[in-house]
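Asks: These are the residues of each chain, in order.
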Amino acid sequence: MPPSIHPVDLIAALREKSLTPAIVFLTSRRACDEAMEAFDHAHTVLPPVRQGAIAAALERVIAQYPSIAEHPLIPTVQRIGVAAHHAGHLPSWKIAIEELMRQGCLDAVFATTTLAAGVDFPARTVVITQSSIRKARDFMDLTIGEVQQIAGRAGRRGKDYVGFAVVTPSPYIDLDVLTKGFTGNPEAIDSQFTISYPMVLNLLKAHPHEQIQAILAKSFAQFQLNQRANVLEGKLDVLHTQMEPFGPRVCTDWITQWHTFDQARRQKPHRHQIARHESPEVTARFHFMTPGRVVGLNKGRGIVLRQYRSKGQKSPMVTVLRAGGAVTESPAGIVTDVFDRLFECTEQQGYPWCAPESFDELLYQLTELPTRLPLLPILVSKESDLIPDAIVQSLGDFPCPTCSSRPACQKDYLMASRLRQEQQRHIKSIQALRTSLWHRFQERIEVLQTFGYLSPTSHLTDDGEWARLIRIDHSLLITELIRAEAFAGADPAVLTGVMASIAHDDDRPGAFPRVSTGLSSLLGQVRKLAESLSPYEDPPLLRADIAAVAERWVSDPSLTWIGLCRSTTMAEGDIYRLLARTLEFLSQLHTLRSTHPGLADSASQAIALIRRGVLEELP
Amino acid sequence: MTSNELEQLLAQQPIAVLHKLARGRVHRHFRAGKRRLIELLLQHSSQNLAGLESDLHALMSERPTQPQIAPTPARQTVPRHTAPPPNRRPHRAHEPESTEPGVSLAAWLEGLGVPSPQPFVPDPWQEEALAGLAETDVVVSVPTGSGKTYVAVEAARRAMDENRTVIYTSPLKALSNTKFTEFSKIFGSDRVGILTGDRQDNSQAPILIMTTEILRNLLYDAASGEIDVRLDTLGLVILDESQYLADPERGVVWEETIIFCPSQAKLLLLSASIGNPQDIADWLTSIRPSPCRLVRHSKRTVPLRAGFLHPNGKLTPLFRTAGIPYGHPGQLHPEAKRLFLQYEEDTLPSGRPRR
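Taken in sequence, the protein lines are chains V and R. Heads up, the first sequence is in this note's numbering, so the first residue is 1 and it goes up one at a time. Heads up, the second sequence is in this note's numbering, so the first residue is 1 and it goes up one at a time.
Simulated from the structure, these hints should not be mistaken for laboratory data. It is possible that part of the hints are untrue.
[What the hints assert, rightly or not] Within a straight-line C-alpha distance of at most 30 angstroms, the following computed DSSO-like cross-link-like pairs (lysine-lysine) qualify:
#1 218/V to 17/V
#2 135/V to 159/V
#3 180/V to 337/R
#4 20/R to 159/V
#5 337/R to 17/V
For clarity, every value in this text was computed on a predicted model and none was experimentally measured.
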């Protein structure tokens, strides 16, 4: 079982049911080219009359665009009546195919889905073979809008009663995506407003700084942000009514008041627990029960060997040596008296908590103690006894415990604080939605000020005056290059090469001609600058191999289009687009003729050199 | 009975019988479709086909009322309400499966052919758009291929009759070129000009075709004080494919163009079907001098039919109905469903349907 239908069989099946002419959307350019190759040995050829019609129609197009006269696909197109149409082809070839389709000469065109929008010709049938397309190096499911865009090519007004969209599976097709696409409503579109440096310069050239916010407010982006803000404001209103029963009570801001009270109350118990188990006398005495201290117990006397706090409750404990040599562990509370007598005691980790010789000495001293010993005068603070509940002391600042609305506050606090948090969150996001564009604009202004395109008062400097004319991608890099005089003395070919490498944003690999040393050293500088600008602007790919293609076309006027195409594996449609885009970039440089005559001159020479052969056929 | 005969016999049984048979024989049989279930049954009972056969006969004799079923899946398409089997489990409510017959291929293909040439009559929406444009800005959101170009051409003609300049923009250079050729044929090549970044052909013509970026640049130049007569006499700006407003890289250009479009010029936004054209119209109303008119419709001029072509060459309608069942993506034609499941089974390495 083949994973997908063979192109020859597909066309045969469509012809059999008279579903031609058809546009067959395939995954890749390569699939389109392979489909065309499949017809090389096909036996079903068109009747001579139709072959003649195609030849005649093609001749008329070729008269206008001679570049396609030698196109390798022409024999297959004439013989079979099928063609390929994708971004790898020259625009003139695509125009020829579109013309043939319009005249009804062809039975099928193989096209890529990527360019569904660029395929501006209808057919009776479209054939869909996949449910996802490549977007930025990743396959994404077709959106409903895209499926309908594709299906929209089916059915020619005035030529068909009905149009057909035929799904034929290839591996990894997801039928759900397509059926949803056919039957669903297209997605809503969202603004993709970005603030670019040339936009800032041009706006500030035409309008004073104070008016900019009003202009930004006119964007669809702000319109949609406002919509979102309005939704939030609606929610805010609802919250407001929900908050009504929680309005001012005894204190105006009772939620905050209760919140702090509650926090304080929650923190208290931990500190308090220790205090509760310990009487103030013990606390006071405990500091003096150091190793070697003679203490009085309710039966006899002893010498403290160590003091510590118990593991769990942290209650004060002492290890005491008693008469007769007993070593006991007891709470500090059993000590009745602390005497003013201290012996030397060498401490030791572990039982018996002092060095053996010191132990014997202490034991001897204990028996030798006089009957009356002076007591250590210890000051016991009676203050803490007077206020047994520490809560009341620290919470005394709060009116809450005695407030009349305390039960109500306690009951409503959770709900009210949740509502209020939500309210504050919404207010913050509304603020952000209303002002985000303006903030982004101001960030851009700051960057332009540091680079000196704008004065501190946000007026255009001399550099800003000409820089605003560069209104393309990577404008900051290009204007910085001009200011660094990187192009001074660069010949048109090198200039073209650099512009091509800035303009090209495709990382499709391939084989390319060698780059000249002059261009490669200049590109090195450009790369360095682009890297240093990367915090302010995404650097372009700056491919040297791409630059070489454009450089070659300009530096060698005798080079033919076919010669250029042979020097690289790039598809000719891609080369064409590269040069066309380079032309656009160069023509922007050309607008700087009043301030940078040398550069503008070089650019216009480059433009003249690029525009030859194929590049001259279309405006 | 050979295994082939047995397979045929199994294929004639309703799926419920197969599941009963599979109980105890096949692990997780409830997951499998009918075809796969038969395969599994045969595979698991390959040592004891006789046992499977006798069980099958026992089950068949339990249901004597069940008429002999034709092996074609068309059987499933008999409308349920005409003869619902008495003791069958009710169908799941969410899926209108097997409730209606799928349309036949012949019926689906019906209507194929070329209509006789008719005098061109503008659709009501086209008239509405043109009438609206006489007063104010218009946003048009209609399906691809509905005839937006007619509106553009007529609007341009009317503006030119009032000695106004018309600017037509498209997102792609290729589309600009196509439109340039098309408009030149309609209005005469001396009245149509095209502007690209580096070339200007007939740049003082009453109709100018350009990419949206070029128009944006013109507007910026005019805003910063450069005098451009073409903008003073500008009567109409047509932005084709304005769904590009949502393009991640270039969408901003459409916004800039619309914001800075001179207020004396009317705006005509032509777009494919999008989900929120009302938003676009509301936006224009909020920033332009007069309230914007929205013209939208979702009905295609030429009705669409969707089909499914299996790689083996078998063609079938994709949906139960001949037309597209809008809003009901689940209404697949049983035959298309079967063919697709078969395709997935045949091509996926594990041999299991993905879902």
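Asks: Take a quick look at whether residue 218/V and residue 17/V sit within 30 angstroms of each other, Cα to Cα.
Replies: Roughly 53 angstroms between the alpha carbons, so the hint for residue 218/V and residue 17/V is violated.
Asks: If you draw a straight line from the CA of residue 20/R to the CA of residue 159/V, is it 30 angstroms or shorter?
Replies: violated, 54 angstroms
Asks: With a cut-off of 30 angstroms on the C-alpha distance, tell me whether residue 337/R and residue 17/V pass.
Replies: With Cα atoms ~21 angstroms apart, residue 337/R and residue 17/V stay inside 30 angstroms; holds.
Asks: Does the alpha-carbon distance linking residue 180/V and residue 337/R stay inside the 30 angstroms limit?
Replies: Holds - the C-alpha atoms of residue 337/R and residue 180/V are around 15 angstroms apart, at most 30 angstroms.
Asks: Quickly compare the C-alpha distance for residue 135/V and residue 159/V to 30 angstroms and report which way the hint goes.
Replies: Violated, at roughly 34 angstroms.
Of the hints listed earlier, those the structure fails to meet are numbers 1, 2, 4, in rising order.
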